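Turn these sequences into a full structure, and let the hints steer you where they fit.
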Amino acid sequence: MITVGIDIGSLSTKSAILNDKKEILAYDVVFTGGNNRQSAEITFNNVLKKAGLNKSEIDLVVTTGYGRENVPFSDKHVSEITCHAKGIHLLKPHIRTILDIGGQDSKAILIDKDGNVINFMMNDKCAAGCGRFLEIISKALNVKLEDLGDISMQATSAARISSMCTVFAETEVVSLVAVGTPIPNIVKGVHESIVSRATSLLKTVGITEPVAMSGGVAKNKGIIKSLEDMLNMTVEVTDYPQVMGAIGAAFIGQLIGK
Amino acid sequence: MIVMAKSNIKNDIRLEQYKNMLNVINRHNHIQEEVSNTLKATRMRSIINSYRLVEAYKADSKVAYVGEQFPTEIVYAFNMQAWNIESMAILFAQSVNIEDFFQLSEENFLSRDICSFLRAPFATMHANCYPRPNIVLSNDQPCDCLAKLGYIASQLYNSPYFSLNTPNEINGESINYLVAQINKMILKIEKELSCSFDENNFKKIVEYSNEAKEYYCKTTEILKKSYVPRVSRELLEIFGLNAFGLKETVSLCKVLYEEALEISQKQNTKKKRVLWMGQAPEGFHEIIKYLERELDIIFSAILWDGTLMSLDIENPIHSIAKRAILFHWHSDRMKENTAMVCDEFGIEAIIIANVWGCRNMLGIRSVIKEVAEEKNLKYLTINLDVMDRNNYAFNQVKNRLDAFLEII
Chain A
1 MITVGIDIGS
11 LSTKSAILND
21 KKEILAYDVV
31 FTGGNNRQSA
41 EITFNNVLKK
51 AGLNKSEIDL
61 VVTTGYGREN
71 VPFSDKHVSE
81 ITCHAKGIHL
91 LKPHIRTILD
101 IGGQDSKAIL
111 IDKDGNVINF
121 MMNDKCAAGC
131 GRFLEIISKA
141 LNVKLEDLGD
151 ISMQATSAAR
161 ISSMCTVFAE
171 TEVVSLVAVG
181 TPIPNIVKGV
191 HESIVSRATS
201 LLKTVGITEP
211 VAMSGGVAKN
221 KGIIKSLEDM
231 LNMTVEVTDY
241 PQVMGAIGAA
251 FIGQLIGK
Chain B
1 MIVMAKSNIK
11 NDIRLEQYKN
21 MLNVINRHNH
31 IQEEVSNTLK
41 ATRMRSIINS
51 YRLVEAYKAD
61 SKVAYVGEQF
71 PTEIVYAFNM
81 QAWNIESMAI
91 LFAQSVNIED
101 FFQLSEENFL
111 SRDICSFLRA
121 PFATMHANCY
131 PRPNIVLSND
141 QPCDCLAKLG
151 YIASQLYNSP
161 YFSLNTPNEI
171 NGESINYLVA
181 QINKMILKIE
191 KELSCSFDEN
201 NFKKIVEYSN
211 EAKEYYCKTT
221 EILKKSYVPR
231 VSRELLEIFG
241 LNAFGLKETV
251 SLCKVLYEEA
261 LEISQKQNTK
271 KKRVLWMGQA
281 PEGFHEIIKY
291 LERELDIIFS
301 AILWDGTLMS
311 LDIENPIHSI
321 AKRAILFHWH
331 SDRMKENTAM
341 VCDEFGIEAI
351 IIANVWGCRN
361 MLGIRSVIKE
371 VAEEKNLKYL
381 TINLDVMDRN
391 NYAFNQVKNR
401 LDAFLEII
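First to last, the sequence lines map onto chains A and B. Quick note, the first sequence lines up with residues 1 to 258 if you use the UniProt record's numbering. Quick note, the second sequence lines up with residues 1 to 408 if you use the UniProt record's numbering.
Keep in mind that a hint or two might mislead.
Pairwise CB distance ranges (calculated) [what the hints assert, rightly or not]:
#1 Gln38(A) with Asn49(B): 45 to 53 Å
#2 Lys218(B) with Gln38(A): 55 to 63 Å
#3 Lys113(A) with Ile313(B): 54 to 62 Å
#4 Asp20(A) with Tyr290(B): 28 to 36 Å
Here are some chain A residues pointing at chain B (derived, C-beta under 7 Å) [what the hints assert, rightly or not]:
#5 Ser79
#6 Ile81
#7 Thr82
#8 Val117
#9 Met122
#10 Asp124
By construction, these hints were calculated from the structure, which means they are not laboratory data. Predicted, not measured: the structure shown is a model, and the values here were computed from it. Note that CB positions come from ideal geometry on N, CA and C, so glycine has one too.
So this is what it looks like as structure tokens:
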């Protein structure tokens with residue numbers, strides 16, 4: 001049985017293909033843009049091409065993410081909270097707490113030994129502390145989003161970013177640049193601001209070790225370092241943090257197929 | 001304390017205020033509810049509400065502004081109309097779009113970060129849509145802001161004001177403290193409005209209150225054993241109406257009880273039962289409709305000790321004082337009550353609804369979580385605003401609801 005999981009997020013749309021041995025045959029990431037139905041279609045075709053498969057060979061498509069109900073070829077849609085839990089459980093079955101930071105929200109998820117969600121918490125109202133926040137800050141600093149992790153490693157100290165709002169935080173960052181604060185220190189401060197919010201979420205659900213991080217923001221090694229420092233524990237990351245929701249969705253497809 | 005203050009409301013003629021209210025309603029004359037899908041009791045309550053609304057706008061009506069869970073039996077004993085400034089604003093916000101009212105509240109220096117349950121009545125008063133009060137009576141449970149809102153109202157309309165200070169702990173001393181205040185309040189109303197407290201009328205009102213409560217409690221008993229769609233919601237509406245001393249409320253509760261009994265005998269389906277803690281949106285709100293497809297929602301307020309208690313005919317003021325204290329969101333009592341409800345009503349999960357800016361709910365939600373964890377129940381915390389649409393987006397909440405439905 002071959003299943004596809006598609007995670008239509010606010011910034012990017014991800015897909016993954018799983019076979020009945022629960023092996024990841026291929027995965028793909030595209031920008032969501034203004035038409036999430038189209039982005040789902042594009043990533044579906046991309047991932048099929050990467051796996052060398054045809055649509056007719058796919059048994060089940062499970063969608064997740066904000067656009068999950070907007071995909072006409074979806075067989076089932078599931079919330080990304082459940083999908084991230086199942087995805088992490090598939091690849092790291094020992095994990096009990098997950099921090100998922102995506103484009104516009106962050107979630108702390110507590111799971112049991114079978115990958116079932118016991119409890120979860122999500123951020124409220126503002127995207128401060130999420131991927132969109134990092135994107136805006138990287139533009140304000142004129143650095144590449146993917147370079148933020150490396151830049152933060154050069155910091156001598158962390159600038160204090162106090163704002164709880166993305167827009168105001170951008171103003172704060174611009175002010176810090178204006179007074180000559182080194183860019184690495186600002187980036188590290190931004191990371192600590194994100195991690196501080198994430199830690200509150202984690203503590204609300206109750207941290208049970210081992211802890212893993214998923215979502216696009218988990219690709220930023222500066223965030224992982226700050227999180228480990230703040231929690232004083234190891235935070236595990238899979239090889240495919242950004243695609244974890246899609247992998248989880250494909251895994252749910254396999255479980256349904258049983 | 002009675003406060004007389006300068007009025008800021010220039011046009012305080014009730015007819016004008018009635019026209020203002022109608023103007024707003026007429027701007028939004030769409031029908032939101034599917035009438036065929038409502039209970040008989042719901043339709044009956046709408047008629048009672050409409051009647052009460054019109055009565056309050058009559059030039060010769062005596063109107064007392066009151067807060068949530070105020071002992072309205074006292075108001076009815078004076079043959080006054082009890083105008084719940086908060087409930088009326090909720091009713092208003094649920095029926096029409098009052099975005100311009102929220103703007104008005106902001107223009108009058110009330111930040112958007114403040115609970116919309118306070119901003120909406122504040123704005124409705126500033127828009128001169130409420131009937132001018134003859135007196136403003138307030139209490140401070142569960143929210144001390146109600147007393148402050150009452151004070152603002154008294155200033156706006158240049159009306160006398162009396163606020164009850166409700167202790168948190170329940171014991172002989174605290175009840176007597178409140179009894180003394182209620183007796184003092186009665187004397188002040190008599191003095192300020194040149195009228196007398198009719199003991200016989202009060203006795204009759206207390207009897208009506210108890211009779212209505214008897215049907216109310218019997219209806220909650222039906223819920224213990226059966227899934228009866230929309231009945232928990234209607235009980236919540238009657239709780240919000242807070243008109244237990246009126247004869248028509250007896251009829252309303254009786255109709256609901258008979259209807260619930262009839263439905264329970266025909267109802268075969270069963271849904272997972274969840275307890276809704278905190279402020280609830282209207283019955284036809286998208287969140288409620290979305291959840292009710294899969295869940296049987298029991299609203300916690302309908303089962304509070306204060307909600308279910310009847311009054312002592314021989315010593316009604318004493319029991320009114322006791323009830324007022326019971327309505328306080330005392331964390332130990334709330335925990336005990338929630339645990340009892342979970343056991344007796346077969347609750348399988350809890351939804352903790354936190355309205356933006358509500359400090360009381362923020363304070364109490366940790367207690368509810370403790371109950372959920374002790375009873376091994378799944379729980380969901382959602383932040384929403386049931387009145388100000390600027391503070392709420394269904395898609396944000398829906399994501400949480402979907403995950404919650406999946407885990408239960």
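Hints and how they fare:
no.	hint	in the structure
1	Gln38(A) with Asn49(B): 45 to 53 Å	holds (49 Å)
2	Lys218(B) with Gln38(A): 55 to 63 Å	holds (57 Å)
3	Lys113(A) with Ile313(B): 54 to 62 Å	holds (59 Å)
4	Asp20(A) with Tyr290(B): 28 to 36 Å	holds (35 Å)
5	Ser79	holds (4 Å)
6	Ile81	holds (4 Å)
7	Thr82	holds (5 Å)
8	Val117	holds (5 Å)
9	Met122	holds (6 Å)
10	Asp124	holds (5 Å)
Checked against the numbered hints given earlier, this structure breaks none of them.
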